[in-house]
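Q: For the record, the sequence lines run as chains A and B. Residues 1 to 140, numbered by the numbering used here, are exactly what the first sequence covers, in order. Residues 1 to 281, numbered by the numbering used here, are exactly what the second sequence covers, in order.
Everything labelled a hint here was simulated from the structure, so no lab data went into it. We treat Cβ as the ideally placed atom computed from N, Cα and C, and that holds for glycine. Any given hint could be a false lead.
Now the in silico label distances, taken between C-beta atoms and shown as ranges [what the hints assert, rightly or not]:
| no. | chain 1 | residue 1 | chain 2 | residue 2 | range |
| --- | --- | --- | --- | --- | --- |
| 1 | A | N132 | B | R128 | 44 to 50 Å |
| 2 | A | G61 | B | H29 | 49 to 55 Å |
| 3 | B | D76 | A | P117 | 34 to 40 Å |
| 4 | B | P163 | A | A41 | 26 to 32 Å |
| 5 | A | A137 | B | G255 | 50 to 56 Å |
| 6 | B | P124 | A | H115 | 43 to 49 Å |
| 7 | A | A10 | B | G45 | 33 to 39 Å |
| 8 | A | A108 | B | G45 | 29 to 35 Å |
| 9 | B | D76 | A | A137 | 46 to 52 Å |
| 10 | B | A278 | A | T24 | 42 to 48 Å |
| 11 | B | A2 | A | P114 | 32 to 38 Å |
| 12 | B | A7 | A | P114 | 33 to 39 Å |
A partial selection of chain B residues facing chain A, derived with a Cβ cut-off under 10 Å [stated by the list, open to error]:
| no. | residue |
| --- | --- |
| 13 | N8 |
| 14 | F11 |
| 15 | I58 |
| 16 | M87 |
| 17 | F137 |
| 18 | P155 |
| 19 | V159 |
| 20 | P176 |
| 21 | V180 |
| 22 | R216 |
| 23 | G217 |
| 24 | T219 |
| 25 | I220 |
This is what each chain is made of:
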Amino acid sequence: MRDTEQGLIAHIRDNSARLAAACTACGECYRACPMVPRTPALSNTTPETVMTGIRDILRDGAGTPDAIAFAGACVRSGECTPACPEKLDAAFLMRLASLRVRGTLGDAPRVKAPHDPRWSARVKAFARLTMNEEERAEWL
Amino acid sequence: MAVTPDANVTFWYGCNMTRHGEIVRLVTHILEAVGVAAAPAGGPGYCCGSTQEANARIAAGMAARTVEKFNQAGRDTVVTWCPSCHMNMDDLMAPVTETAFETQHITQLLAARAERLRPLLTHPVHARVLLHAHHGFHGRVPVNTDVPTLLRMIPGLTVLDHPLRIPGHMCSAIAPKPGVMAQAHSDTLEAMSDIGADTLVTIFHSCHRDAVALERGRTIRVVNWIHLLAEGMGLPHTDEYKHWRNAEDPRASIGTDRIAAAGDAAFEQLVEPELRRAPTI
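For reference, chain A alone in the conformation it holds in the complex:
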């Protein structure tokens, strides 16, 4: 395993543990999230239950279906951070949970993450249309 991979994994694990320990699962972040009413999978649960499951995900647990759905629904609106009574960076907490359910640490993905396998080729194809040869040589 390369140093950079080890470094990223350690960074995700360390901050997951730190934020899971500080989170009280009060659910204020969940209540503030604009994606909750837009996510049908979250229609029959409670904020406290979901956030208890999020803490479990951050602690290497399997998480609950509700918590996995909430982590998968995160689009980084950031409304959670000012809502947190513990003054945690709740947006980063949710980002870490979101990375974990997408399988970043090597686990089987628990949510389907959008992925464009031809992203790099697409970006370069557009560059050939909108940038001249000199610009591409210098800017890409």
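Could you slot chain B onto chain A? The hints should help.
A: For chain B alone, kept in the frame of chain A given last:
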């Protein structure tokens, strides 16, 4: 009159901004005009890792390579455009790979140099605009206040206030969520109608590339905030992506020679389906 630069930065425009080469060019010109020499850098070779975030090995490798290239460039500031890149640098890249530079968003840099920009905005732009504002990223960088502040320096322009905020940090985040983008666009059109706006101003590229299709069949204009600053400064430009996206025949709009130069197979497989995609609403 040429301005002697007092700052030398890397302008990290991200990856998907290659659809909008004119914005990269305009940002560079605007920065030069306010005393900042900017070297653009972006595309897959400068990826923040977010495109491969489901795999720590690949994401970490791409992120570290990008940080190392910025370190080697020797400029003390990396000016970001993309909110994903900016947040990834703060949250996942810099904490893992040591950086020899500070990161600043383009809106922060221009807001800090607003008094150098103000006298350059001499061309009136007569429009009543609504900002396409998301909830996200504003908590990190105050884009939803800095952009209107900058736009209000353009003579003739009226920036209208509306409380509408769209979920996510930019539209690429909500695009995969069923119905969310369509609702966002519907809410946006309703907000424009409510306040009498004739122009929608996007902040980010992923929002722009979908919002431009709202012009079809409507008497509204969709522009990026950089396009408006450029208009105010009298910098000529064309939003080609918007023309292509809204053209009845994108191939004819672009032209055979340019498509051939870009690679016909690549155009057909990678570009054309996006340009011909039906509008969200």
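Q: Decide, hint by hint, whether the structure agrees.
A: These are the hints, each one checked on the structure:
Separated by about 36 Å at the C-beta atoms, N132(A) and R128(B) break the suggested range of 44 to 50 Å. Separation of G61(A) from H29(B) is about 52 Å and conforms to the stated range, judged on CB atoms against 49 to 55 Å. A hinted range of 34 to 40 Å for the beta carbons of D76(B) and P117(A) is consistent with their spacing of about 36 Å. One distance hint, 26 to 32 Å for the beta-carbon pair P163(B) and A41(A), holds here, with the actual separation near 28 Å.
Taken as a hint, the range 50 to 56 Å is violated for the pair A137(A) and G255(B), whose Cβ atoms sit roughly 23 Å apart. In this structure the hint that P124(B) and H115(A) lie 43 to 49 Å apart at CB holds, the actual value being about 45 Å. Remark: the range hint 33 to 39 Å for A10(A) to G45(B) is contradicted by a beta-carbon distance near 26 Å. At about 31 Å, the beta-carbon gap between A108(A) and G45(B) stays in the expected band of 29 to 35 Å.
Hint check: D76(B) to A137(A), Cβ distance near 24 Å, so the stated range 46 to 52 Å is violated. The hinted range of 42 to 48 Å is satisfied by A278(B) and T24(A), whose Cβ atoms lie roughly 46 Å apart. Between A2(B) and P114(A) the C-beta distance comes to about 45 Å, which lies outside the given range of 32 to 38 Å. Remark: the range hint 33 to 39 Å for A7(B) to P114(A) is upheld by a beta-carbon distance near 37 Å.
For N8(B), the interface hint is violated, since its Cβ never comes within 10 Å of a Cβ in chain A; the closest pair sits about 15 Å apart. Restraint check, F11(B) versus chain A: the minimum CB separation of about 9 Å is within 10 Å; hint holds. Checking I58(B) against chain A by beta carbon gives a least distance of about 9 Å; that is within 10 Å, so the hint holds. Annotation: interface hint on M87(B) holds; nearest CB of chain A at approximately 7 Å, less than 10 Å.
Proximity of F137(B) to chain A holds as hinted, the smallest CB-CB distance being about 7 Å (cut-off 10 Å). A cut of 10 Å between beta carbons decides the hint on P155(B): the least distance to chain A is about 30 Å, and the hint is violated. Checking V159(B) against chain A: minimum C-beta separation of about 23 Å lies over 10 Å; hint violated. Interface hint at P176(B): satisfied, since its Cβ lies 4 Å from the closest Cβ of chain A, which is below the 10 Å cut-off.
With its C-beta approaching chain A no nearer than about 6 Å, V180(B) sits inside the 10 Å limit, and its interface hint holds. The beta carbon of R216(B) is not positioned within 10 Å of any beta carbon in chain A (closest approach about 21 Å), and the interface hint is therefore violated. Given hint, G217(B) at the interface with chain A, is violated; its Cβ is 26 Å from that chain's nearest Cβ, farther than 10 Å. For the restraint placing T219(B) at the interface with chain A, the shortest Cβ-Cβ distance is roughly 27 Å, beyond the 10 Å limit, so the hint is violated.
Taking 10 Å as the C-beta cut-off, the interface hint given for I220(B) is violated, the closest approach to chain A being about 24 Å.
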